[in-house]
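Fit the two chains together into the complex; they arrive one by one in their own frames, and the hints show the way.
Protein sequence lines correspond, in order, to chains X and C.
Residues 1 to 152 (our numbering) make up the first sequence, in order.
Residues 1 to 130 (our numbering) make up the second sequence, in order.
Quick caveat, the hints were computed from the structure, so don't treat them as lab data.
Even for Gly, the Cβ is constructed at its ideal location relative to N, Cα and C.
Among the hints, erroneous ones may be present.
[Claimed, not checked] Capping the alpha-carbon separation at 20 Å, the derived lysine to aspartate or glutamate pairs in DMTMM-like fashion look like this:
(1) X:Lys-140 - C:Glu-82
(2) X:Lys-34 - C:Glu-82
(3) X:Lys-21 - X:Glu-46
(4) X:Lys-140 - C:Asp-62
(5) X:Lys-2 - X:Asp-51
(6) X:Lys-21 - X:Asp-100
(7) X:Lys-34 - C:Glu-109
(8) X:Lys-7 - X:Glu-70
(9) X:Lys-34 - X:Asp-51
(10) X:Lys-7 - X:Asp-136
(11) X:Lys-34 - X:Glu-46
(12) X:Lys-140 - X:Asp-51
[What the hints assert, rightly or not] Label pairs and their calculated CB-CB ranges:
(13) C:Ile-104 - X:Pro-122: 44 to 50 Å
(14) C:Arg-95 - X:Asp-74: 45 to 51 Å
(15) C:Arg-95 - X:Glu-40: 25 to 31 Å
(16) X:Asp-144 - C:Leu-60: 23 to 29 Å
(17) X:Ala-36 - C:Ser-68: 23 to 29 Å
(18) X:Val-110 - C:Gly-96: 42 to 48 Å
(19) C:Gln-87 - X:Asp-25: 35 to 41 Å
(20) X:Arg-126 - C:Leu-84: 37 to 43 Å
[Said to hold, decoys possible] If you only want the chain C side, here are some residues facing chain X, beta carbon under 10 Å, derived:
(21) Asp-62
(22) Arg-75
(23) Ser-98
(24) Leu-120
(25) Thr-121
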Amino acid sequence: MKQVEVKLNIGAVAPLLDVIKEAADDLRDTLAIKAAFPEEDADFNETWTQDLMAGQNSDVRELLGLFDSEFFTDGAISIDSNNCDSLLRGCSALRLRILDRWLGEVSLEVIEDEDADVEAIPAAVRVHFAAYTFLDQIQKIILDHLHPTGTG
Amino acid sequence: MNQPSAQTLHRFVLADGSSGLLLFPVARVSPAGVTRPGTKPVPAPDTQVQLADSWRVVLLNDPVNRMSYVVMVLRRVLGFDEPLARQHMLAVHERGRSVVWTGIREQAEAYMFALHQWHLTAIIQPDEAG
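Extracted from the complex, chain C is given alone in its bound form (with noise of 0.2 Å):
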């Protein structure tokens, strides 16, 4: 069997519309796992572990932006386009959650208070997902 990848992608897209690729390496670990601050060990031995973490910003509904206000928010803060705009507000008012962004901490935390400097509820999450 192939071994996985040692690296993995993460999309990043900057408030200014340009995107681009960030590069993690992956490691292979012992049973003792890989700890960092606020975290559990991980357990399983041989488990791929991203020393990286990776983490998703995910917008909430709320009842009172209308529509067209959220989507400006996602084009201004997240840089995206209008299709994909109005895709994720749609995903958010209709199942009541997007996941609007995956990526490193420091910059979901970035994203998180842009949102919510305009007025718009996001949370981030660890991305299990990897």
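Isolated chain X, as found in the complex (with noise of 0.2 Å):
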């Protein structure tokens, strides 16, 4: 089993947590992206959102599981091949209510520039920001050293 661990700045890190957990909060009850239903039926599209909402809140508990009490005391998360296909989604979930609840008046050309200039960010978001992109770099180091491609 491919695994990897990271050691994080637990002091950088958990500034970011407060917005990743409220934003977890936020998605308790609500999908990250609004469902778009194949059929016009009531029931199918209540069970339809509800097996999406399972899987949704599944994908946010193993991911804020891996800042739990031994995360503060050795500042390492650990990422496998039995963790990471939710990891993925997990992120993406929380990326994506990050970025429509509090990135709205950031532009898109920014948001998508691994590189952007910090004064680009409002100050008011700029923890919100930062907590985005430590997302999308738990999905990088997912991406680039666990091979997710289920192909083997």
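In structure tokens, the structure reads:
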């Protein structure tokens, strides 16, 4: 089993976790992306939504679980081929929510720029942007090192 | 003039990467046309109508998910190889959308659901091209 351990600066990550937890609370009852239903049947759509919600909540819980009390002793998170799918989806859901809720005034050009100048981000949402970028970096580590293509 | 084939082929690709073809019959219908719930009758007489609907799964652009993530999801969900997944990802990035699959409605819905699970925005549409 492939495994990656990432050592993080606890002091730098802690404020980002506050944003991530707030976004996670926000996601408890809503989907990260608006559901587009393929059918007009209300029961079908309810089941469709609930199934997506259950998966989303499970993924976000898995991600938050990385930052438990153990993390605050050694600053390490461990990612492996068992949890990487959930973590990828959890990061994606949280990034979508952070963008939607806090980064609406930041241009997409800046959002998509990995080397964005911090001065281009309004001061009030810099920590949110940092959380957004942090989650992106977790995804990048997984994609670069664990190669979760499911093709063997 | 030759009659068109009375059957249509639909390619499907499963999540494990295997693929195949589904063969659907095509009926020549009377002026009354063929209807199914939620659709309008086909008015044109003597028109080729597919009894089995063909649907497109259309992947839409989003500003959040990184390109390598989208490629990975397309490989996982639709069983694409790397070049094909990249081709669709770039089409979505540049044109805002890409038709990633065409075939029977139930399978299209399953792919749409799986893409939503990965937080990619997808819709399904009737495949007007047939």
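Hints, one by one, checked against the model:
For the hint linking Lys-140 of chain X to Glu-82 of chain C, the alpha-carbon distance of about 17 Å falls within 20 Å, and the restraint holds. The straight-line distance between the Cα atoms of Lys-34 of chain X and Glu-82 of chain C is roughly 28 Å, outside the 20 Å bound, and the hint therefore fails. Under the criterion of a C-alpha separation no larger than 20 Å, the hint pairing Lys-21 of chain X with Glu-46 of chain X is inconsistent with the structure, at around 26 Å. Under the criterion of a C-alpha separation no larger than 20 Å, the hint pairing Lys-140 of chain X with Asp-62 of chain C is consistent with the structure, at around 17 Å.
A distance of roughly 29 Å separates the Cα atoms of Lys-2 of chain X and Asp-51 of chain X; the hinted pair therefore is violated under the 20 Å criterion. Straight-line distance between C-alpha atoms of Lys-21 of chain X and Asp-100 of chain X comes to about 15 Å, which keeps the hinted pair within the 20 Å bound. Of the pairs offered as hints, the one joining Lys-34 of chain X and Glu-109 of chain C holds, with about 16 Å between alpha carbons and a cut-off of 20 Å not exceeded. A threshold of 20 Å between alpha carbons decides the hint, and for Lys-7 of chain X with Glu-70 of chain X the separation of about 12 Å falls inside it, so the pair holds.
Under the criterion of a C-alpha separation no larger than 20 Å, the hint pairing Lys-34 of chain X with Asp-51 of chain X is consistent with the structure, at around 14 Å. Note on Lys-7 of chain X and Asp-136 of chain X: the hinted pairing holds, with a Cα-Cα distance of about 16 Å set against a maximum of 20 Å. Note on Lys-34 of chain X and Glu-46 of chain X: the hinted pairing holds, with a Cα-Cα distance of about 13 Å set against a maximum of 20 Å. About 27 Å separates the Cα atoms of Lys-140 of chain X and Asp-51 of chain X, which puts this hinted pair outside 20 Å; it is violated.
In this structure the hint that Ile-104 of chain C and Pro-122 of chain X lie 44 to 50 Å apart at CB holds, the actual value being about 48 Å. Checked against the hint of 45 to 51 Å, the pair Arg-95 of chain C and Asp-74 of chain X passes, with Cβ atoms roughly 46 Å apart. Look at Arg-95 of chain C against Glu-40 of chain X: about 28 Å separates their beta carbons, and that is inside 25 to 31 Å. Between Asp-144 of chain X and Leu-60 of chain C, the C-beta spacing of about 26 Å keeps the proposed range 23 to 29 Å intact.
As the Cβ distance of Ala-36 of chain X to Ser-68 of chain C is approximately 24 Å, the hint placing it in 23 to 29 Å holds. A beta carbon spacing of about 20 Å between Val-110 of chain X and Gly-96 of chain C contradicts the range 42 to 48 Å that was offered as a hint. Checking the proposed 35 to 41 Å range against Gln-87 of chain C and Asp-25 of chain X shows it holds: the Cβ atoms sit about 39 Å from each other. About 39 Å separates the C-beta atoms of Arg-126 of chain X and Leu-84 of chain C, a value consistent with the hinted range of 37 to 43 Å.
For the restraint placing Asp-62 of chain C at the interface with chain X, the shortest Cβ-Cβ distance is roughly 8 Å, inside the 10 Å limit, so the hint holds. Interface restraint check: Arg-75 of chain C against chain X, minimum CB-CB distance 5 Å, threshold 10 Å, status holds. About 16 Å separates the beta-carbon of Ser-98 of chain C from the nearest beta-carbon of chain X, more than 10 Å, and the hint is not met. Hint on Leu-120 of chain C holds. Least Cβ distance to chain X is approximately 8 Å, under the 10 Å limit.
Taken as an interface hint, Thr-121 of chain C checks out: its beta carbon lies about 5 Å from the nearest beta carbon of chain X, inside 10 Å.
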